[in-house]
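*Asks:* Turn these sequences into a full structure, and let the hints guide you.
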Amino acid sequence: MHRPPAEGCALDDVILETQGLTKEFAGFTAVSGVDLKVRRGTIHALIGPNGAGKTTVFNLLTKFLEPTAGKIVYGGRDITALRAPEVARLGMVRSFQISAVFPHLSVRENVRIALQRPLGTSFQFWRSERCLDALNPRADALIAAVGLADDRQSTAAELPYGRKRALEIATTLALEPELLLLDEPMAGLGHEDIGRIAGLIREIARSRTVLMVEHNLSVVADLSDIITVLTRGRVLAEGSYAQVSGNAEVREAYMGTGAVAGHA
Amino acid sequence: MTGARDGFPARWRVGIAALLLAAALAAPFLFYPVFLMQALCFALFACAFNLLIGYVGLLSFGHAAFMGSAAYITAYTVKAWGFEPLTGILAGTAVAALLGAVFGWLAIRRQGIYFAMVTLALAQMIYFIAVEAKFTGGEDGIQAVPRGHLLGVVDLNHSLPMYYFVLAVFLGGYALVYRTIHSPFGQVLKAIRENEPRAISLGYRTERYKLLAFTLSATLAGLAGATKALVFQLASLTDVTWQMSGEVVLMTLLGGLGTEFGPVVGAFIDVTMENYLASWGSWVTVIQGVIFVFCVLLFRRGVVGEIVDLARRFAPGRTEAPPPATVAQTAPGE
Ligand SMILES: Nc1ncnc2c1ncn2[C@@H]1O[C@H](COP(=O)(O)OP(=O)(O)OP(=O)(O)O)[C@@H](O)[C@H]1O
Ligand SMILES: [Mg+2]
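Read top to bottom, the protein sequences are chains C and D. Using this note's numbering, the first residue of the first sequence is number 2, and each one after it goes up by one. Using this note's numbering, the first residue of the second sequence is number 72, and each one after it goes up by one.
Since the hints were made in silico from the structure, they are not lab data. Here a beta-carbon is modelled for each residue, glycine too, at the ideal position from N, C-alpha and C. Treat the hints loosely; a few may be bogus.
Claimed, not checked - Estimated spans, in silico, between C-beta atoms of each pair:
{"hint": "1", "chain 1": "C", "residue 1": "E159", "chain 2": "D", "residue 2": "A246", "range": "53 to 59 Å"}
{"hint": "2", "chain 1": "C", "residue 1": "G52", "chain 2": "D", "residue 2": "I362", "range": "47 to 53 Å"}
{"hint": "3", "chain 1": "C", "residue 1": "H192", "chain 2": "D", "residue 2": "Q314", "range": "43 to 49 Å"}
{"hint": "4", "chain 1": "D", "residue 1": "F100", "chain 2": "C", "residue 2": "S155", "range": "43 to 49 Å"}
{"hint": "5", "chain 1": "D", "residue 1": "W176", "chain 2": "C", "residue 2": "Q244", "range": "50 to 56 Å"}
{"hint": "6", "chain 1": "C", "residue 1": "S155", "chain 2": "D", "residue 2": "W152", "range": "55 to 61 Å"}
{"hint": "7", "chain 1": "C", "residue 1": "E159", "chain 2": "D", "residue 2": "S230", "range": "48 to 54 Å"}
{"hint": "8", "chain 1": "C", "residue 1": "Q20", "chain 2": "D", "residue 2": "Y185", "range": "34 to 40 Å"}
{"hint": "9", "chain 1": "C", "residue 1": "H192", "chain 2": "D", "residue 2": "A89", "range": "50 to 56 Å"}
{"hint": "10", "chain 1": "D", "residue 1": "E155", "chain 2": "C", "residue 2": "T69", "range": "55 to 61 Å"}
{"hint": "11", "chain 1": "C", "residue 1": "T30", "chain 2": "D", "residue 2": "L369", "range": "48 to 54 Å"}
Claimed, not checked - According to the in silico footprint, chain C covers these stretches of chain D (three or more CB under 8 Å from chain C):
{"hint": "12", "segment": "250 to 256"}
{"hint": "13", "segment": "264 to 272"}
{"hint": "14", "segment": "275 to 281"}
*Replies:* The following block contains the structure:
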């Protein structure tokens, strides 16, 4: 842990809260009565075995899926009835489990897509795209911040996987989100890339909140302030890494891989 | 930067455009003007269609509805109400735009094949109306539509003025498509085509962009149909059949899906085939089919797609070409 967990904080320190969040798919309950509280300024990890419902929780929070039951409160506002783009506009921006770049656009164009929306020119089909060049300095700064300065003219599809993930983060940051939801940011990355992205996430969390799904437990141990363990759609445990990894039920859920205890 | 990735290197493009324009101006002295005008109308139709499939990833299988209804409205207003030709064309185009907005609104929430089916079903309704309604003239259509005098001055009954008028309409439509592709709006369209969930997660209300693109595409398809009605002095059921909706798919694939100029080439190839094979009677369809299959197997990116790819490989300083846009790309992600 890098910062002391926010203790005794007032209610308004909670940026995101769910109450009884539930999702059923044709009789199968993927997410079941999840109460989640994410505190402002923390790195909050959501872990659990495959199929636990982590991505589904993300989809519910960002309104990519409609909850069957439950309530989502973001920044003190009930957002349960909002649609996905509106949630993003409020400052909760997600990434995807599989890298999500715009493959045939250049690195700079990828970031500009995020930067251009607040300009209000996005429906202007009669204007030249050159008017977007005004965004280049900001785009380039974001690109440099994630270490892609040399790649900014490359087509996104040509980037190695680790750089695609970095580009994705730069694009997300372009929206100045308050809360980033990262779905397995380290999946498929090599050792070096993991270090880079972890550093980036730590940097981001200085001024923003991060809710992150991650299977790599050493990363989780290293980065997160608080961890929620999900199994079969339910919250099994919550607490610091030491608390969670000491929990017998959590060890059980991870089927004695020993991985959880290994990093305590 | 964007332009080069989308086609030829910039300095080639200017040269090619100048050459093509010169060829277009000289063409009526070398070829049969009605043939050229027909090809230009279909070229505009295919460009309109390509705006949707190539740059948004939406396969409409009902574009004949927009072309055909505009043709009927133009033919009717010019013939029955004595509209001046340009006003008649604008009336037809406006109706297509309106129809596009309505159909688009009904269809854009559907994905992939369902989108195609909804557009087809709606287009069949237009076909039904064209068969049943009185003003469309049923099987006969609206015949002997007078071309009239453009703005009351230029006599369009002469083939040269008519040709240059059609060329101007085509260039205007093409310019609008080009501008749209290379606009802030066009950038968002490409983002939606490439990865819609990501675009949504960045806060874009993607249905609105798709609806505007659909409406623009329908409007331009209407402009093509309205102009065609004056060229042939006829609006008929052929223009609203599902076969017409299919033909524009073929033209676009033939020329190169998602390339700027491909649909134009595809349309010219298609219209040329139709004209030169006319003497073969009912065999035309079979021969066309064979040629089409042959072309698609040989030029998988379409004629222009392949040429652009070659040019890119030989142009110095270019890196590897990105894969071409394909229909399968409507699926998000990689
Ligand atoms: N759209 C859907 N329709 C039906 N079932 C679904 C759907 N999405 C997810 N599920 C099911 O819900 C359960 C939870 O899936 P989810 O993707 O949320 O798991 P996860 O915790 O993210 O797993 P992983 O670690 O493998 O990414 C799984 O059993 C999955 O099959
Ligand atoms: Mg998942």
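*Asks:* Against this structure, judge whether each hint is valid.
*Replies:* Evaluation of the provided hints:
no. : hint                          : in the structure
1   : C:E159 <-> D:A246: 53 to 59 Å : 32 Å, violated
2   : C:G52 <-> D:I362: 47 to 53 Å  : 51 Å, holds
3   : C:H192 <-> D:Q314: 43 to 49 Å : 59 Å, violated
4   : D:F100 <-> C:S155: 43 to 49 Å : 48 Å, holds
5   : D:W176 <-> C:Q244: 50 to 56 Å : 53 Å, holds
6   : C:S155 <-> D:W152: 55 to 61 Å : 57 Å, holds
7   : C:E159 <-> D:S230: 48 to 54 Å : 51 Å, holds
8   : C:Q20 <-> D:Y185: 34 to 40 Å  : 35 Å, holds
9   : C:H192 <-> D:A89: 50 to 56 Å  : 55 Å, holds
10  : D:E155 <-> C:T69: 55 to 61 Å  : 60 Å, holds
11  : C:T30 <-> D:L369: 48 to 54 Å  : 53 Å, holds
12  : 250 to 256                    : holds (count 6)
13  : 264 to 272                    : holds (count 7)
14  : 275 to 281                    : holds (count 5)
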